[in-house]
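Novice: Given next are the chains, with one letter for each unit.
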Amino acid sequence: MTSVLAYNLIAHILLGLIGVIAFYAVWMILLKEKSALKWPKILAFVGTLSFFGSWITGGYYYVKFYGKAVKPVILSGKYPWAHTIITESKEHIFLLLPFLSIAVFLALWLLEDKIQSNNELKKWTAYLSGLIFVLGAIIAFAGVAISSAVK
Amino acid sequence: MSWFTFLIIAHVFGTILGVGGATFAEIFYLKALRDGEIDPTENSFLKITYRVLRIGLVILILSGVGIFILGRLTGHESSFYDPRFLAKMTMFAAIVINPILFQTKLLKSWIATSISLVSWYGAFIVGMWRNLDASYFEIISVYILAVMIAAFALEIIKKMIKIEK
Amino acid sequence: MKVVTSAFISAALVAVFVVGITIYGELYTPLKDWLKVNFSHHWVGKSVLSAILFLALFISFLFKTPNEKFPNFSLKLAFWLAIISSAAILFFYLYEVSLAH
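Taken in sequence, the protein lines are chains A, B and C.
Numbered per the working numbering, the first sequence spans residues 1 to 151.
Numbered per the working numbering, the second sequence spans residues 152 to 316.
Numbered per the working numbering, the third sequence spans residues 317 to 417.
Hints listed in this document are in silico derivations from the structure and should not be mistaken for laboratory results.
Ideal Cβ positions, reconstructed from N, Cα and C, are used throughout, including at glycine.
All the pointers check out, no bait thrown in.
Straight-line distance between alpha carbons at most 16 Å, and here's what the computed EDC-like set of lysine to aspartate or glutamate pairs gives: (1) LYS392(C) <-> GLU120(A); (2) LYS256(B) <-> GLU33(A); (3) LYS123(A) <-> ASP113(A).
Here are some chain B residues the structure puts well away from chain A; computed CB gaps all over 10 Å: (4) LEU168; (5) LEU181; (6) THR200; (7) TRP261; (8) LEU296.
Next comes chain A alone, as it looks inside the complex:
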């Protein structure tokens, strides 16, 4: 693996993780009965940028290296389903995250007053942030499972 590929892999993982942590924090804050939206707004912005960064860096690594060097090793190893189920699911489910996170980010920035005053809107914004976290966390653990299957 070249250093460019290594840096892309590291950036992909860390940026994805930052996105996941950011939306976990958004979810937790929105679940409180009374919550100022200053931090959720910042975190949603950071999380959205992170997911886009993770998308690009992960995509580079996936296209340039994974298919040629990693996938054949996994398929011929003890856990071929790590690619056929986990990688395949992960790479497609991930495509939902950037767009969902943009939508939450726009809601928090443009509808701050309405979110504060409407419990239903606040609750479902929290749920969607939570879903982004859950999907992101599952994708992150999937990445661990895939990497471990290379052994």
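Starting from the structure of chain A, add chains B and C where the hints point.
Specialist: Frame of chain A; chains B and C shown alone:
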């Protein structure tokens, strides 16, 4: 200092903040509840403690992933399929999901605090116990038992220091 | 308000698109080949088309979105379609692997 040493130090530091934070959060909470209410000073101590705990958790996550990435890049991947690692991840998942279940009132405080404390200490012990020779189910069985014992012990402590529900 | 409603609906429909193009691409090889030829990799093609679709839907819904007092419906739509789409993708690959065995 190598990256590995730096990440291990960071990981242990995060654990210290997290385990310490969880311990003192519970101590401050019990102390605050003795008179039946949490006053502003007690609330500020709790807020600071929870903030330290969260900082510890973030450091733990980032350093843990860093250790994993380093292993991956140097061909020394720690196996996802190792029972100790899986058990630690289960307890870590409990640490992360527990506050959500508590905030949404799906878990009562007596069990939530027990899960929090046992998960932090459990992940710490399993992480430090390098030559632990047990299956995933054995470790998790002990963990679940520990959660129940801790919940029971905390209730006894609350009765002893006369905290009303 | 329209911006947010539009974003939620667009995200919801992109989720459906991702499921569609993923499953159809696995079952109908010419589609996967077309993506590979035009975008150098099928996943890059899906990424690019998802982004273009989101932008196109977002802009068009800005003009067509009904005036909701609160974007609760579109938010719930995004939430549920994201769950259903994720589950559909996972179960499709589980099914594919079980068929192979």
